[in-house]
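Protein chains in written order, with our numbering: chain S, 14 to 209; chain Y, 3 to 171.
FYI, nobody ran anything at the bench for these hints, they're computed from the structure.
We put the CB at the ideal spot given by N, CA and C, even for glycine.
Hints may be right or wrong, so weigh each one.
[Said to hold, decoys possible] The calculated label-pair distances, taken between Cβ atoms and stated as ranges, are: (1) S:Asp86 to Y:Gly123: 52 to 60 Å; (2) S:Thr59 to Y:Leu104: 24 to 32 Å; (3) S:Leu68 to Y:Leu111: 39 to 47 Å; (4) S:Glu62 to Y:Thr112: 18 to 26 Å.
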Amino acid sequence: MSDVTPDTAPGVGARRGRHRARWIAGFVLVVLAALVGLLATRPPATATEVYTPLLGKPAPGISGKTLAGARFDLAADKGRWVVVNFFASWCPPCQEEEPELVSFAFQHRSAGDAALVGVDCCGDATSSARDFEASAGATWPALVDPGGQIALQYGVRDPPETFLISPSGEVVAHFDSGVTVAFLDQQLTAARAAGL
Amino acid sequence: MSPPPRPWAASGLVWVALALVLAGALAFSVARSSGTLTPSERAAALDADLKCPSCESISVADSTAATAASVRQVVLARVRQGQSDQQIEQFLVSRYGPSILLRPPVSGLTALVWVVPLLAGAGGLGGLGLFFWRRRRPVVVGVTAADRALVERALAEDAGGGAPSRSGP
């Protein structure tokens, strides 16, 4: 008669080990699937109003050449609302917000109440920015920012960042992350209502 | 044959040498900070105290980010224009806020960052000093008349019970 008990029978330990490994692998798979599902269904990062030391102060001047080679001076837009958008072609949130900016520019160009100005910043190659704007169908002036000096004047850290400038030329709001048409319209309405 | 050097003389020489090294280091640092720096050196020193705007906690001097390069450019340009360190820092704070400074200013709430460690250090040293002072202080135990009476009674009981005397023969 054999002394081998069911617990110590050859192969039982190995079978138990495989069983446990399958459970662990299954658990890890479920956790990963849940994580992927959570990230895939998460709403995209929305713009938030953030503090800037420039709030309530005259907007730093923006002048120079646009990506299309034309001259631009922000001073010429005094008397109407201006949305200044700092972007870079390599930045995914900038790519996400670009169709929204196209809609915003189209709607407000026909109304004539607000202008949109882009500043290609943060180490972006001018040729990439030009392709980016052209492929999106951007019609607003987008400036080249050699040495990042326009971005520095506005304290830009990480694109996309957007500033709302009042008709009197003051910075009235600063938004972080990608903006939408609805968000910008809401901010414009609020600023107008506040009598800025 | 010359007499062996006295130990106090040897230790005195060590103290003199230490004082000379300390004075030399102080003189060197004062000389460096009293306007003998070139514009590039001054700009580099300022860059080391500024936080890269788009990084977590790297100085402008250490970062390769485009925003840090822009700050380095403006710092050097303003140094060359003859602006003081304070003027350059004030300009950057007016754009990025005080978080651009790696060394928080000694004012308002941020002063706590400087004051609290100093107070904690002083408190710790004071506590340590108090501890050693108490340990070195001779312990004076006051014996009251009641204590004496208690001891005498115990000794009398001890002697009455036939126990050997503790004071010896």
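How the hints compare with the structure:
1. Between Asp86 (chain S) and Gly123 (chain Y) the C-beta distance comes to about 55 Å, which sits within the given range of 52 to 60 Å.
2. For Thr59 (chain S) and Leu104 (chain Y), the hinted distance range of 24 to 32 Å is satisfied, since their beta carbons lie about 31 Å from each other.
3. Roughly 20 Å separates the CB atoms of Leu68 (chain S) and Leu111 (chain Y), a value that falls outside the hinted 39 to 47 Å.
4. The supplied range of 18 to 26 Å is met by Glu62 (chain S) and Thr112 (chain Y), whose beta-carbon atoms lie about 24 Å from each other.
Hint 3 alone, counting from the list given before, is not met by this structure.
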